[in-house]
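From first to last, the protein sequence lines stand for chains G and D. In terms of numbering that gives the first Met the number 0, the first sequence has 242 at position 243, counting the first letter as 1, and numbering is strictly consecutive. In terms of numbering that gives the first Met the number 0, the second sequence has 171 at position 172, counting the first letter as 1, and numbering is strictly consecutive.
Calculated directly from the structure, the hints in this document are not laboratory data. Keep in mind that the hints are not guaranteed to be accurate.
Copies of the same chain look alike in the list, so a pair counts if it works inside one copy or between any two.
Each computed DSBU-like pair below joins lysine-lysine, with the alpha-carbon atoms no more than 30 Å apart [to be verified]:
(1) Lys409 x Lys448
(2) Lys141 x Lys448
(3) Lys14 x Lys246
(4) Lys14 x Lys448
(5) Lys135 x Lys409
(6) Lys448 x Lys246
(7) Lys14 x Lys141
(8) Lys141 x Lys409
(9) Lys246 x Lys135
(10) Lys409 x Lys246
There are 2 protein chains.
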Amino acid sequence: MSAPGLTGACFVDGKVMQGGGATFQATDPSNGGTIGPAFADATMAVVARACEAAAAAEDEYAATSKTQRAQFLRRIASELDGLGDELLTRCHRETALPMARIASERARTKFQLECFANAVEEGSWVDARIDRADPKRQPLPKPDLRAMLAAIGPVAVFGASNFPLAYSVAGGDTASALAAGCPVVVKAHPMHPGTSELVASAILAAARACQLPLGVFSMVHGKSHEVGRALVESSAINAVGFTGSQKGGAALCRIAAARERPIPVFAEMGSVNPVFVLPLAMAQRGPAIAQAIVNSALLACGQFCTSPGMTLFCDGPDAEPFVRTLVAGVASSAPGTLVHPDICANYERAQREIAAVPGVSLLAESSGPAACEATGGRARLFVVDAESVLRTPSLREEIYGPASLLVRCKNAAAMQRVAESMSGHLTATVHGDDGDLREHAGLLRALRKCVGRIVHNGVPTGVEVCAAMQHGGPWPASSDSRFTAVGLRAMLRWARSVAWQDAPQAALPPELADGNPLGIWRTIDGLLGRA
Amino acid sequence: MSAPGLTGACFVDGKVMQGGGATFQATDPSNGGTIGPAFADATMAVVARACEAAAAAEDEYAATSKTQRAQFLRRIASELDGLGDELLTRCHRETALPMARIASERARTKFQLECFANAVEEGSWVDARIDRADPKRQPLPKPDLRAMLAAIGPVAVFGASNFPLAYSVAGGDTASALAAGCPVVVKAHPMHPGTSELVASAILAAARACQLPLGVFSMVHGKSHEVGRALVESSAINAVGFTGSQKGGAALCRIAAARERPIPVFAEMGSVNPVFVLPLAMAQRGPAIAQAIVNSALLACGQFCTSPGMTLFCDGPDAEPFVRTLVAGVASSAPGTLVHPDICANYERAQREIAAVPGVSLLAESSGPAACEATGGRARLFVVDAESVLRTPSLREEIYGPASLLVRCKNAAAMQRVAESMSGHLTATVHGDDGDLREHAGLLRALRKCVGRIVHNGVPTGVEVCAAMQHGGPWPASSDSRFTAVGLRAMLRWARSVAWQDAPQAALPPELADGNPLGIWRTIDGLLGRA
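With the hints as constraints, model all of the structure from the sequences given.
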């Protein structure tokens with residue numbers, strides 16, 4: 000069944016342009032069938048045109064006022080609304096995510112656009128700094144220096160499979176890059192091409208309504224990796240945003256580093272998101288913690304970057320009700336539906352590998368039939384001891400999907416050793432009371448070194464969009480731990496500092512002009528203020 | 000002649016440790032001879048011990064208070080003073096830089112340490128952000144989120160040949176990393192190993208005086224590239240600071256990207272630093288501008304990252320007095336002394352290549368004999384037309400040393416085309432009056448895209464250490480244009496954001512605690528303040 004409104008084309012420089020490459024169709028995860036229309040990969044020529052259009056729009060878009068840019072972001076949000084149920088329905092068909100989840104994801108996508116619009120409008124994100132001249136300084140006069148963050152130019156964004164709205168075509172990467180003043184070329188994720196087309200049409204409608212140069216946004220289809228490669232290799236592109244697998248993110252990093260002019264790749268590659276249940280908390284509320292973990296791990300069939308994939312606890316009688324609750328929660332769950340058969344195949348393969356590791360046992364799995372065998376995401380709970388985890392690096396790697404590994408630790412020292420053996424993660428969660436935290440300060444120190452966000456007595460899923468969010472951790476959670484993919488600091492990925500020395504007022508951007516015409520926070524001679 | 004106080008050893012974990020590898024001696028650039036003692040490259044085992052010591056010191060050093068860290072930085076400055084003339088004399092012998100320059104470079108090195116001490120002590124650089132909980136939010140309660148920048152752990156620093164104090168062992172990279180809370184392992188530059196040893200001893204004395212874990216600072220010698228490679232490949236190292244050639248910086252970037260856990264390299268690789276003389280300014284004060292350019296280009300025998308290597312102007316009668324002044328300035332200069340025969344050999348080779356490009360002519364060169372043929376840096380002024388520069392990418396590359404390329408442009412459009420053809424530079428300088436700037440807005444737009452700092456009516460040399468300095472530009476000027484190697488923002492290279500969700504007060508660092516015990520600027524629910 001085809002959707003009559005969809006063209007299957009790319010959107011390049013304001014034009015609907017047939018990709019010209021090999022065609023593919025979206026998959027309906029609920030039955031494994033295909034959904035029309037056919038979408039065509041962009042040829043290299045089409046990718047090049049999108050990048051050239053972005054470069055051609057760069058100066059004009061970077062010169063837009065903060066008001067214009069905020070209007071554009073808000074207009075994108077209202078155009079998304081304008082797509083109405085058509086967007087929700089198509090997205091549901093392409094991903095099998097529940098309608099309620101898709102509606103809330105649309106709300107989040109709009110909220111992100113609004114947050115960045117507010118940040119741009121307020122204006123202080125540019126970190127304006129002014130050091131005034133001192134002509135009398137000895138031995139040499141001091142010049143006037145002024146600096147601010149400025150857009151780095153066209154950015155490539157790769158849509159994510161697990162957030163078809165909030166981390167795809169108009170998602171956080173696109174919104175933050177447009178907010179920073181950078182044109183964007185999106186490579187749509189082939190698992191939701193129709194959703195991508197609808198969203199792209201909304202962004203272009205917004206660009207038209209705001210009278211922006213239409214090269215400010217293009218979207219190409221690319222089921223083939225060659226499309227992504229061409230995008231990252233384009234001399235017009237200055238940075239890359241990616242959310243997806245470690246393999247995919249690492250490949251883009253290598254391509255970007257091998258360019259004649261290397262560019263940064265901000266790849267958010269997911270993580271295990273370990274959960275540590277400390278003894279006092281275990282004794283007091285083990286079953287409640289277990290229930291929270293199960294709920295978090297099964298959310299969206301485990302398709303969250305922050306899904307808790309490993310739970311560590313000290314073995315003993317206190318832990319048995321906790322384990323029983325986990326087992327019951329997983330065993331009573333019905334299989335969910337993963338967004339694509341490929342994701343399901345990877346999930347099943349990763350689990351078979353885990354199950355084959357000596358010392359690993361299966362404790363529980365979802366019961367009942369899957370809606371579709373090819374996409375049925377059967378939750379599974381494995382158990383292993385800490386020593387095996389320390390011996391076997393693969394047990395410390397993410398299984399993408401609703402699987403969870405319980406790690407029985409002889410004692411807190413063993414638990415800490417596992418924490419110290421970990422590579423980077425987006426989050427770690429600690430269930431513990433004040434006494435636990437005092438007792439396990441070493442564990443907290445170890446976690447602080449390997450994660451971006453430490454959650455206390457909660458769950459890692461549910462990533463707030465706010466100034467204090469950090470969604471990014473040391474490799475392999477992210478390619479650059481100094482930045483975040485969610486929250487207001489995400490804009491910093493797309494800007495660099497530019498300084499002006501002894502510039503006349505006419506040559507300065509308003510952010511740095513005398514009298515602070517924009518009324519933003521600025522650091523003048525070391526003092527922050529906005530007078 | 001040997002210096003009796005010098006050991007030729009590495010400094011590892013507070014111990015004087017013989018490197019154990021191949022030995023080398025410093026060169027006296029004034030006569031091409033060698034200076035004792037022999038210095039030994041670090042073996043792989045010694046590099047590993049330095050990195051392990053840094054990792055062992057990481058937690059304790061990161062946990063130091065801002066006061067302790069500021070004291071450490073200030074103590075390093077006073078220990079440098081304590082080295083007295085011995086440091087200046089040794090540095091002069093190893094580099095042939097004038098004593099006055101070395102004394103001022105020591106002052107700058109101390110000033111940098113003081114600036115970072117002040118920034119650490121003030122404390123707001125950590126960009127603390129707090130988003131408070133809202134338990135009543137629908138549909139889900141909002142958690143409490145708090146984030147700040149935190150040290151990334153041990154950092155490797157490569158000393159630079161051209162700033163034996165200010166960008167070497169205790170230079171800007173080391174000072175900013177120590178300020179951010181990161182242990183440092185320095186690879187000393189083999190062109191000033193004795194200076195490096197003296198400075199390392201001062202840093203260690205400061206670490207002892209401040210009762211810090213001595214792994215906080217180590218220094219290894221490495222004339223062989225294998226030492227640098229081992230340092231960058233060490234699993235204990237989390238980031239790299241480098242100042243030097245494009246070839247060296249690019250090689251380190253490749254090594255770092257190929258690690259199992261890639262790490263960022265902040266390589267500052269120099270640039271051409273083009274100077275644009277616009278018509279009105281030319282007519283009004285061409286000769287004065289020419290004299291300023293000559294003075295800047297010949298400073299320290301052209302051994303500045305920001306040395307102006309290319310000057311563009313519109314041809315015509317107004318330009319002739321300008322050109323005559325440049326020619327006279329270069330022709331009347333005596334050859335300077337480069338810091339090492341290898342630098343001199345590279346300089347001569349690069350010039351021969353430039354001179355061989357069709358259309359390039361030599362206009363002037365230094366007169367008189369060099370103090371030493373092997374290190375004599377003969378200033379040279381070449382001239383070429385804009386079309387040749389557009390045709391020949393090699394003419395747009397840096398010649399490290401006192402050479403300068405004059406580019407005659409038929410008109411302003413040609414000048415802008417050259418600007419648009421440029422890769423990244425640290426600086427661009429514009430000589431122009433208000434009328435010039437109005438007329439040449441396109442040129443200024445082009446420059447803003449390819450440089451880190453735009454200098455108006457001045458010279459690019461003389462890099463201020465302040466909040467608004469940007470010393471870093473698009474590739475190949477720097478490996479990451481979003482950061483700076485000079486100025487307070489240099490600390491941001493060595494920190495990443497860490498967030499705490501619903502953490503009890505006891506688990507929070509003081510920067511994020513309720514009541515703002517440190518009195519720093521924080522963003523609470525979107526509002527900046529320090530109440």
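Hints numbered earlier in the text: which of these fail when held up against the supplied structure?
Hints 3, 5, 7, 8, 9, 10 contradicted; others consistent.
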